[in-house]
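Work out the full structure, taking the sequences as your base and the hints as a guide.
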Amino acid sequence: MPAPKISVLIPTRNYARYLPEALDSVLIQDYSDFEVLISDNASTDGTPEVTARYAARDRRIRVHRHEEDLGMVQNFNWCLHQARGEYIKYLFGDDRLADPGALPQLAGFLDKNPSAVLAGSARKVIDDASQQLTVWNDFCTEGLHKGTRVIARCLQANANLVGEPSAVMFRRDHARAGFDPEYRQLVDLELWLRLLEKGDFVYCPAVLSCFRRHGSQQSEANRADKIALVEAARLAWKYLDRCSLSMREKRDLVFRHAHGLRHLSRRNTEALHLRQELSSWLGKAGYVSAWCRYRLLRLGKDIRKPARNAGTGRLQPPQH
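Everything in the sequence shown is counted per our numbering, starting at 16 for the first residue and increasing by one.
Hints listed in this document are in silico derivations from the structure and should not be mistaken for laboratory results.
Cβ coordinates follow ideal geometry from the N, Cα and C atoms, glycine included.
Here are the computed distance ranges between Cβ atoms for each label pair:
| # | residue 1 | residue 2 | range |
| --- | --- | --- | --- |
| 1 | Asp256 | Asp45 | 37 to 45 Å |
| 2 | Ser259 | Asp195 | 21 to 29 Å |
| 3 | Asp195 | His81 | 14 to 22 Å |
| 4 | Leu42 | Gly86 | 25 to 33 Å |
This is how it looks when you write it as structure tokens:
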């Protein structure tokens, strides 16, 4: 059987409730040259029944069930190593594609832009009941964005502006090493930055995917442990001299992470070592200078804060 153009990879665990929505969003695509690989990571709910039903309907769907829990990142990588397509499209079991043209549009962007290693789009954030919460459109401008500049933007924003795995398509040949199991919260961003050292990012401002937020996600548990603080500092330190930031921007970035780790470093060894390295890079004078700039910026933000609504006592919602 010839290899498909796109491998849609669905690593999942205990998402039987959402899987039909995810799979239906793939099967209605205006495109047929794809395979679907579902990797069931030892689910204890009705996932095996759901996946068997869909596999019987469409021969492009392959299902593998792991009898023991591999771990989240290991399950991601198992899927990637089994994929046969030129392009990789992850879709988590609780997410879905937002448009029947999602696969052909993202693949088309990669086809037309040989320097791009990643393609992404705006995405809709939905809740447990599939109702829209907001739309994330961090790049706005359609087309090619230089890889090193995207790395710098993500580091400065301290955010994954590229998108979650369900919002991204990438070239398999550039990602054979897979996701780094040393990361738990920013595992996707770590891979995106690694890929963006090799090439560019191409963006579609149309909403092509839906990212679901709910309390049972692994990321919610990780957030309570403040894992992201350490991993973000680790990435900033790693890419400090590999991205297009000015020296002042680098100093501000390093200070922000060193300052942010000050409480966590009292009980987390890695946080302590990172804070020491970041602070040493700044030096005493650099730290004081960055701290003064930080306080001035914070003061300016406090002055510009919107007034509370006298009728409701609620702040105006922030603009993403």
